[in-house]
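Participant: Mind assembling these two chains? They're in different frames, but the hints should get you there.
Chains H and A, in that order, are what the protein sequence lines are. Take the first sequence: its position 290, counted from the start at 1, is 290 in our numbering, and no numbers get skipped. Take the second sequence: its position 598, counted from the start at 1, is 598 in our numbering, and no numbers get skipped.
It is possible that some hints are incorrect.
Derived list of chain H stretches under chain A, where covered just means 3 residues or more per stretch with a C-beta under 8 Å from a C-beta of chain A [unchecked claim]:
id	region
1	80-91
2	114-123
3	303-317
Source of the hints: derived by calculation from the structure; they are not laboratory data. From a predicted model like this one, the values you see are computed outputs, not experimental measurements. Each residue gets a CB set at the ideal place from its N, CA and C atoms; glycine is no exception.
Listed here are the chains, written in short residue letters.
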Amino acid sequence: MSGSQFSLLDGDVCGDERHLTIEDYSSAVPRWCPGCGDHSALGAMQRLLESEQLKREKTVFCSGIGCSSRFPHYLKTYGFHGLHGRALPVATGIKMTRPDLNVFAIMGDGDCCSIGLGHWLHAVRYNVDMVAMLLDNNIYGLTKNQTSPTTPQGHKSNTQQQGSYLPALNPLSATLGITNCSFVAQTSDWTPAHLFQTLKAAFHHKGFSFVRVLQRCPHFTAGIYQDAVRHPDNVELLTHSAGICEPEAEGLYKNHISHDPSDLHEARRLAEGGNGKFRLGLFFRDESRPRYNETRALPKYTAEEKIEILNAELDRYAV
Amino acid sequence: MEPEVLHCSEHTVEVVSDSGEGAQKCGQIFGSVSAKMGNGVWTVEIIPAEIQPPARNAAGASGNRIRIGTQTVTNWGDRANVVVAFNEQVLLARHRLEALAEDAVIFLEDMWEKHEDEKVRAEWQAGLEELSRARYRIIRVPMEEICLTVVDDARKGKNMFALGLLCAVYTRDMAKVKAQIVHQFRSKSDEVRERNIQLVELGVRWAEEHLPFRIQVPPTESDRPMVVMNGNEAVGMGAMAAGMDYMAMYPITPATSVSHYLAEAFHKAGGVVHQAEDEIAAVGCAIGASFAGKVAFTVTSGPGLALKTEFIGLATMTETPLVVVDVQRGGPSTGLPTKVEQADLLAALFGQPGDAPKVIIAPATIEECFHSMITARRIAEAFRCVVMVLTDANLATGVQPFPRPKLDPRWQARQPDQGPVPKDTRPYEWDARSGLSRRFIPGQPEGMFVATGLSHDEASRVSYVAATNALGLKMRSRKMAVLSETLKPPEVRGDRSGDLLVVGWGSTKGAIEEAVDRARAKGLKVSSTHLTFLAPMQPGLKEIFSRFKKVMTVEINHSDELNDPFVTKENRRLSQLCWLLRAHTLVDVDCWSRCFGEPLRPDHIFGGIERMFTKGGQR
Ligand SMILES: Cc1ncc(C[n+]2csc(CCOP(=O)(O)OP(=O)(O)O)c2C)c(N)n1
Ligand code: SF4
Ligand SMILES: [Mg+2]
Numbered sequence: 001m002s003g004s005q006f007s008l009l010d011g012d013v014c015g016d017e018r019h020l021t022i023e024d025y026s027s028a029v030p031r032w033c034p035g036c037g038d039h040s041a042l043g044a045m046q047r048l049l050e051s052e053q054l055k056r057e058k059t060v061f062c063s064g065i066g067c068s069s070r071f072p073h074y075l076k077t078y079g080f081h082g083l084h085g086r087a088l089p090v091a092t093g094i095k096m097t098r099p100d101l102n103v104f105a106i107m108g109d110g111d112c113c114s115i116g117l118g119h120w121l122h123a124v125r126y127n128v129d130m131v132a133m134l135l136d137n138n139i140y141g142l143t144k145n146q147t148s149p150t151t152p153q154g155h156k157s158n159t160q161q162q163g164s165y166l167p168a169l170n171p172l173s174a175t176l177g178i179t180n181c182s183f184v185a186q187t188s189d190w191t192p193a194h195l196f197q198t199l200k201a202a203f204h205h206k207g208f209s210f211v212r213v214l215q216r217c218p219h220f221t222a223g224i225y226q227d228a229v230r231h232p233d234n235v236e237l238l239t240h241s242a243g244i245c246e247p248e249a250e251g252l253y254k255n256h257i258s259h260d261p262s263d264l265h266e267a268r269r270l271a272e273g274g275n276g277k278f279r280l281g282l283f284f285r286d287e288s289r290p291r292y293n294e295t296r297a298l299p300k301y302t303a304e305e306k307i308e309i310l311n312a313e314l315d316r317y318a319v
Numbered sequence: 001m002e003p004e005v006l007h008c009s010e011h012t013v014e015v016v017s018d019s020g021e022g023a024q025k026c027g028q029i030f031g032s033v034s035a036k037m038g039n040g041v042w043t044v045e046i047i048p049a050e051i052q053p054p055a056r057n058a059a060g061a062s063g064n065r066i067r068i069g070t071q072t073v074t075n076w077g078d079r080a081n082v083v084v085a086f087n088e089q090v091l092l093a094r095h096r097l098e099a100l101a102e103d104a105v106i107f108l109e110d111m112w113e114k115h116e117d118e119k120v121r122a123e124w125q126a127g128l129e130e131l132s133r134a135r136y137r138i139i140r141v142p143m144e145e146i147c148l149t150v151v152d153d154a155r156k157g158k159n160m161f162a163l164g165l166l167c168a169v170y171t172r173d174m175a176k177v178k179a180q181i182v183h184q185f186r187s188k189s190d191e192v193r194e195r196n197i198q199l200v201e202l203g204v205r206w207a208e209e210h211l212p213f214r215i216q217v218p219p220t221e222s223d224r225p226m227v228v229m230n231g232n233e234a235v236g237m238g239a240m241a242a243g244m245d246y247m248a249m250y251p252i253t254p255a256t257s258v259s260h261y262l263a264e265a266f267h268k269a270g271g272v273v274h275q276a277e278d279e280i281a282a283v284g285c286a287i288g289a290s291f292a293g294k295v296a297f298t299v300t301s302g303p304g305l306a307l308k309t310e311f312i313g314l315a316t317m318t319e320t321p322l323v324v325v326d327v328q329r330g331g332p333s334t335g336l337p338t339k340v341e342q343a344d345l346l347a348a349l350f351g352q353p354g355d356a357p358k359v360i361i362a363p364a365t366i367e368e369c370f371h372s373m374i375t376a377r378r379i380a381e382a383f384r385c386v387v388m389v390l391t392d393a394n395l396a397t398g399v400q401p402f403p404r405p406k407l408d409p410r411w412q413a414r415q416p417d418q419g420p421v422p423k424d425t426r427p428y429e430w431d432a433r434s435g436l437s438r439r440f441i442p443g444q445p446e447g448m449f450v451a452t453g454l455s456h457d458e459a460s461r462v463s464y465v466a467a468t469n470a471l472g473l474k475m476r477s478r479k480m481a482v483l484s485e486t487l488k489p490p491e492v493r494g495d496r497s498g499d500l501l502v503v504g505w506g507s508t509k510g511a512i513e514e515a516v517d518r519a520r521a522k523g524l525k526v527s528s529t530h531l532t533f534l535a536p537m538q539p540g541l542k543e544i545f546s547r548f549k550k551v552m553t554v555e556i557n558h559s560d561e562l563n564d565p566f567v568t569k570e571n572r573r574l575s576q577l578c579w580l581l582r583a584h585t586l587v588d589v590d591c592w593s594r595c596f597g598e599p600l601r602p603d604h605i606f607g608g609i610e611r612m613f614t615k616g617g618q619r
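Isolated chain A (complex conformation) (with noise of 0.2 Å):
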């Protein structure tokens, strides 16, 4: 019988497991292959926070959401609509919180019903009877049974045999799956490739057999070149097409995979990774490389961040050029190292003591993490500033396919000018207009000179003349002004005036712009804008929010819930974003935030603008 076919222009799975069995990679398949294929893809790692948590345990559920799409996706969605879990208490944490769809299809090994372990088999029965409440259909699959057929331990086949099944239900192209595992597995044996395929031959013919339904959704045509990665990889790729070949770091949690890609990356395209003894000794070094003539870059998260404050400071006193990527996670302190937040914009901005003025980008997809790295290399030297790049850890992990860039070879940093300094020029010879003074670069005959981190005048001599520190003051600020001269306001989408405008930054612009959709469908009248610069701010931010009733941040931080005691309107914390703008244009500004240490979805996006239509928000 031909199985029946159901037609989706997008569809939402989830691959789950205990860590170490391989979840990840069949969900990083699965959505390279669709990305390949010409669907549109998102994809999101389920990370536990510990590397082996104990088997079969809720906390530590492994695995990947991938949303796919006949359009471009720009988000990971709401709820999933087909699961393959490994175990039911993998499942249970998902269902818990309420990441499936009513009527989700789950495919579930069932091993554990017949296990030797009497614990192990009552804890099956509980978690079937509390699954049971829900709607979901609950396809049982012996993949253990299967698995050993190839394979001495299935923990280590299961993974591929779901993949199998996945690509038979969504019929995927199997020359592309194939290829996809053999580039996945180019470091490991032929025999481990030919086994994988092998696996993946079974779930397919599994699904075949067993499966009276297949899931259609279908690719775009496009002649436009796409590539796909994830936004750390996009990262490094960006710095390498900026021409920054000299990247230090120390070791961190969602930051470190860009030094895994440009270890790796590097050793074609010439540059270095210096894993530094720590944070502090990483930016120093950067700073150093800078100093030389280098745009040098340096990429951490939340606690790492913190220990390079000072340094960061430095950078902007001695106005050495310099690029930080703060990848965020959970905070504060060492947090949720796994899990997305927004929550260092604040500490990013006014992290250090003293004023100092820096510029921060924050790109809201893949594609513009490639590209913001080439912008921020060329703000920092032509603005002779430190540029921080905010991504999250829903970037860094996600993967998206986008246009392929054309490469150019003005975005290349240029060899360091040793050519001698022109007569009685100074190191700071700030432009009294703009702030902006030529660098100087050891080499350079006629320009020596010491860079300090104290007062300094135009020719670099410490001084403790307040007048010539409020002149260093005044034009390492000034460039902001210089630099926010040049940026565009930012696009409202949506109708340019109305009840309420939604105002983001970062990686939550798809799941925002998807709920503001779905709100506008519905006949309310929102429209939203996103910010990519947050300092200096994009112009005209005062101008477009005086066109709406309301105006609020949606952000993934914390801010105080008015019903709650002791919380009222004067003591209120906000949300991080909020509080900036309402300093920035003296508008009420209000927010919704939600930091459950996952993307936001757009439908919980759409119920924070329903409750700021039907309860007036927090106000």
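Here chain H stands alone, though its shape is the one from the complex (with noise of 0.2 Å):
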């Protein structure tokens, strides 16, 4: 997503003209448990706006309901912590009548794949400029672990004692598949400097940018990610000069798969996965997409305007 390319409003009011630090940037102190994963994408979040030097007043992050979806009381800028499942028709509608404002939506899992899953699907293909951010801990933290569409299959929660019956659901894939589909890409939030990258990809791209945050979550999910954590073997980086270059996570994961990101074929092929690893990096992006955002442009007429065309418009139905 590009900063504000254009203003909407005539005499756009300059808000912070000094340089702002990620104190500014910052809001309450979080209140996730020690150890949780969302600590990782909120610092991160905080340096792409600190990097970016972003209008705190021109920026809105919306979210649904979940641990995640607390992310916008943290911040120092617009926020709409929303409905369970719903932080993207807010987005959407915010992003379409004012396309000045940088537009965030932070959602969980189950907000996301689950009870949101029509929405995200369908603005995978609206492709509206934002970046939407699932943090994926493969469970349903803030109710207390319930099982959510990606938890893997066997993972014992409170509703699924004996283990999770289905095979996980696939954000990477389900949202690949999706025709207009314009950025995807997988980050994890033990890599802050690579989950930084990630974002600021996303945040560049015009268009609906897709980031999936493997979320580490202690407190019911511990184990979940452990093997990519522990043992670097089991991550494998997905490098391109057009791709997420991020020298840190580059030199930890040996495991480099070279992919064009404008490669949908093999985007999807590498988000199939198949051998039990996580993979990292870029998957898809294509800038060329339509965004219905600037499709559905609102015109500006003054209100004398508005009035003018109206009356022409009564005459058509005049007696």
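Facilitator: Right, dumping it as structure tokens:
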């Protein structure tokens, strides 16, 4: 998503003139559990806001309901902490009417992939210019340990005590399967530098940028990403000059897959996984896809002009 | 020989056909032309629920009722005086619904008598037999045969022939008829328009050659400019006049045509109809747009309203302005998609789990559909609340002329404030008396806050402190009290006191008033009043009610009949407004309701009023 490309309003008032620091973008102290991956995602996001010097008053974070959806409360920007599963419609309404705003949508896996699945897949197709971040801890955190669509098969939860019955839904494949998809990346909370670079690429992408963050929940799914955290061998990094280049991760992870993010076919194959490894990096990017917020941009008329047009409209119905 | 001329102050016409034969187009044009000539007009669509019901089927009757008058016409009347029917089955449907006057004049296509299919011939015979028991004057018309001289498929031409026939009977201004055809078929080719005009002329000629009578409903000369449209168009136009330019919706009958209209009009006037993936997304997008500075709106009907429930609660909680138009149809569930009902009142008011005070306005006429959108936008913005506009299928498709609104730039929403928020103001800095607070809009420096559906304090910080939650509840509710203070008591039509007061809301106003006027003419001490605001209620109701021995509501929703098995005074389920008024005033309000998937008829309401006098109503 690009920054404020054009301003809807005449006489746009400048907010912050000085250089803003991370503290300037921070609000309340996060209330997530110690070790929760959401802390890292928040840190990376604050770094992004700081490095891009985004105007706080021109930035909106939308979220649903869940541990992860507390996100906007910890940022000193505008925010809309709405309904479980419904961050995206609100974000869509905001961006469609206010193209000058930077819009982010933060969702959990229950939020995005279960109750909000319809909105998610349609948002991919609308390709409205925003960053959508899925904080995927493979579980319902806030409501205390219920199976989510991304819970690995066999993982025990309070609702599926014998272990999850179904194979987990793959959010990357789902996103890449939708027509008009334009940006799909995966990163993790334990690779903060890579997470930051991914958010940065997502922010600069014009269109709907879908970022799945593998997020640890020490409280309920402690072991889930352990293999990848402890043994870098279990991670495969997608690298490419057009992808996400981040030296720290490239040094840590020796398994590199050179993947051209313009190759949708290959992106889908890689997203499928198959060898049990976690793949981080940019799967797909295509800036040429039409963006609904631009196709449907609102023209500007003054009240007087509108009345003139309306009067002509009334003429058509005149007796 | 000069035809005999019947002079009438009002007349009711119906055109009925199988679905797809265009009776509705015929009726619409007849209605529009009559309005343009200066007649009072009210039209109602007769709509089958299915797109392609079987041919020659009573359930599939499709068409229009047009009531025209010398004065303003406020409802669809009692029974039709003149009918054009394309087959005997659709005519039987109207006959069985007692929709036709005893002495109705019926123009009936008679090709069925000699139809090749024996079954059709038998149906025709039986049908005419059944109809012969009434005293209708049936005039057979060989529509098919005549139309085939111009078109290959008479199913595509009879409606224009019928239009010509009616226009001749009612001596309509032919120049206006032709102009209206050109307008209605503006997206079609010249050839289509010309052929339609040719068919109309055939209808006129047939009438001239065969009919010994004409009907005169003289128009009233008026120099007041008028416009004529249906309720959904009026809602769309009202929204534009209010400066609302973002509408998110999901298609649902009978609300959808608002979006059809606006998709066309916004293209010129600047605006977006966003067809979302479902009703939940639609209202969510509207809330997003409102949060970002608009007053956005969504338009729906029963099942869609059900889906929007959670988001409407969120808009209330976050005090995000929102206008929701609910074009009521028959329910519950999918119910009767194309038919009128007034059964969403309580769902609109109490649909949200938790206490969610909101404003409910019910326009009673097409004109009010227009103006209520302007009022709704203003209230939603000034009070940071949800305003629901309850119209219904009757208003949605009904066509009525009304004085052309004088558009006012002050009706238009202003561009959102982007100036800095004054230091130390908070996003929910509720005025302790009024509960009102200043709205912060993204883009405003120093206004950064996070709207949340969780209980929050004045700074929008999440708070689980009981007192904070209690304060929020109180402040959101207080706004409704403040608004009610600005409202006027409803007017009473008729004497200010008497034996019976009839209370209505929404599209039934015209029919109720006509019925009450008749009752008064018969010497009954009846008056009526009509509520525009259902929440908050207009002031003074209890006092007005106290001047009448009895009060009853008249509504198009279900109420139990006292004589029915198991139904007692105690367990009787009442009409929706009745329930509300009893709670509101503690007056023992009674109700009369009729839920037949059609607008109320003055004669039926009159019957309800009479019963209230003779049997003391339900009590
Ligand atoms: C309509 C609705 N249904 C259910 C809930 C209860 N609920 C709140 S959060 C949540 C799931 C949270 O899981 P997830 O989205 O993965 O977020 P996390 O807490 O793991 O970050 C549920 C079921 C709700 N708030 N609203
Ligand atoms: S429960 Fe899990 S997801 Fe929620 S805050 Fe704690 S660690 Fe994070
Ligand atoms: Mg989760």
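Participant: For every hint, state whether the structure bears it out.
Facilitator: Now the hints, each set against the structure:
Note: the region 80-91 of chain H has 9 residues with beta-carbon separation from chain A under 8 Å; the three-residue rule is met and the coverage holds. Residue count for the region 114-123 of chain H with a Cβ under 8 Å from a Cβ of chain A: 3. That meets the three needed, and the coverage hint holds. Coverage of a stretch by a chain is defined here by at least three residues with a beta carbon nearer than 8 Å to that chain's beta carbons; for the region 303-317 of chain H and chain A the count is 12, and the condition holds.
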